[in-house]
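Novice: Kindly generate the complete structure, drawing on both the sequences and the hints.
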Amino acid sequence: MACWIGFILFGGVTAAVLRGIPSPVFEPWDKNPFLTFANPGNYGLIVLFFVMGGLLWLAMALYQPTHWQVFPIGYVAVFFVALISNMLASNAVLHQASLGASIWAIILGCLLRNVLSYLQKDKNQPLPPWIKIAQQTELYIAISLVLLCIDISVLKPLAPRALFVSWIDTPTLFMLVAFIGWRWLDIDKQTSIIMSGATFICGSSAAIALGSALGANHKTDMPIAIISIFTIPSIIALPYIAKSLAFDPNVAGAWFGGCVDSTGAVIASASIYNDPQAISTAAVVKMMQNVLIGPLSVAMAWLWTQYELRQAYLEEQEHLQPNNENLNDHEYHNNDNVGGDGDNAIALESIENRRKSDYTRPISKTMKKQEKAYILLWKRFPKFVLGFIITAILFNTVIPGGQDERTLVKNYCFYVSEYFSTLSFVSIGLGLKMGELKQNIRSLGKLCVLYLLAQLVDIVVTALLAWLAFTKM
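All the letters of the sequence shown, read from the start, carry residue numbers -15 to -1, 1 to 458 under mature numbering (1 follows the signal peptide of the UniProt record, and there is no 0).
Just to be clear, a hint being listed does not mean it is correct.
Ranges of calculated distance between the beta carbons of each label pair, as one might list FRET restraints [to be verified]:
1. Q388 with Q105: 50 to 60 Å
2. Q49 with E301: 31 to 41 Å
3. N396 with V61: 18 to 28 Å
4. Y103 with L294: 42 to 52 Å
5. L161 with L294: 22 to 32 Å
6. F35 with I374: 20 to 30 Å
Only pairs whose alpha carbons sit at most 27 Å apart, straight line, appear in this in silico BS3-like list of lysine-lysine [stated by the list, open to error]:
7. K418 with K106
8. K368 with K204
9. K418 with K204
10. K204 with K174
11. K431 with K418
12. K117 with K368
Treat the hints as calculated values from the structure; they're not laboratory data. As the structure is a computational prediction, the values presented were derived from the model and not from experiment. In this text, a Cβ means the ideal position worked out from N, Cα and C, and glycines have one as well.
Specialist: And the structure:
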């Protein structure tokens, strides 16, 4: 459903741009927060509110999850929390501190969750249905990714070197750090893979894609929250380190693009460096890295499907092993107790038939599971990756006009994409209950250690690759 919503919005944005309708923009402000709406294009926010809500409610009506009828009430709350988050992020002082909308969305969402929990008589009760149904983290981020248009004309000049920086180390380090988290830090496999992938690829989008591929969507909230908070020091520190080391703008931009988690954060970091070439290079490297979401999600969905089938087969074999031992004992007693040759032959034939049926049963069940492996793979595969690819193809082939029109469409789509992304961060905040965080402080600490380890390795290795790509190639 995320793909269809993304396609409809992409078509609507394209039509709006071709008719000369400007994109909404949150303008910087100092003292009066309502000055952020000074741009005439922000009248489009009203239209966007109803269009987004209508499409999302239609999706709820088609799938009919529990309490879908009250989705509009929760949507209004989540939308306005996202709106306030964007307003705060537009403040000139907060913007310089790199406190983006994602951080405010998580904080305000968490605050709303804990206030609602406090107001309930039973503090252990889940969220009220009207807000719980609007906590659609995966749907929001999937739509956001579908609308993330990739401009091939921008990629072409830097593509080979950007590919070198973003694809050489990412798959290897992703698997290595995931293994370290599982083996050494005793984090469960799925969470470790999600945390590693989100760190090395593109933050929340990669986390949601991998969570879907592994059938572990419920394990994505904490890694995304950790990455969103800990990425702030990287956004601020890396530009100053690059300047102190006298990095070439291309090297610096490639470094930011390969290390900083999300596309918006990459642009923010490159903007602090304050060089147009660095911003362009950072964006290209990050776009190339974003493309990795597709193949890695497919690979992880296939590998995890095979792993689950193998585990099911082994469990079935272990379950049958005691039966086979009992069967051997029964055979031994029959050989002792059966007197006649005819009776002995019948007994042996009966035992052999039972033995065949016991060995055939697990094999036949496993073969049936193997036949369904492709169906399971398709169910696990994050469909929004296909939407991301299709939108990129449409963006580069069917939009009329020249480069200026494509740039306007891309900027408008990016705005809508970022708004859906902010909705997802609000949903993540709604999933963070302070009492539960205190109870899981040990697991939280392990995830923080894994992220810091992964980020440190990523910073060092990507700096080396960026230097090689833009000075030696």
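Novice: Hint by hint, say whether it matches the structure.
Specialist: Outcome of the hint check:
1. Q388 with Q105: 50 to 60 Å: holds, 54 Å
2. Q49 with E301: 31 to 41 Å: Since the Cβ atoms of Q49 and E301 sit about 35 Å apart, the hinted range of 31 to 41 Å holds.
3. N396 with V61: 18 to 28 Å: Since the Cβ atoms of N396 and V61 sit about 27 Å apart, the hinted range of 18 to 28 Å holds.
4. Y103 with L294: 42 to 52 Å: holds, 45 Å
5. L161 with L294: 22 to 32 Å: holds, 25 Å
6. F35 with I374: 20 to 30 Å: Distance hint for F35, I374 holds at roughly 29 Å.
7. K418 with K106: holds, 16 Å
8. K368 with K204: holds, 19 Å
9. K418 with K204: Cα-Cα ~15 Å, so holds.
10. K204 with K174: holds, 11 Å
11. K431 with K418: Within the cut-off at roughly 18 Å; holds.
12. K117 with K368: holds, 24 Å
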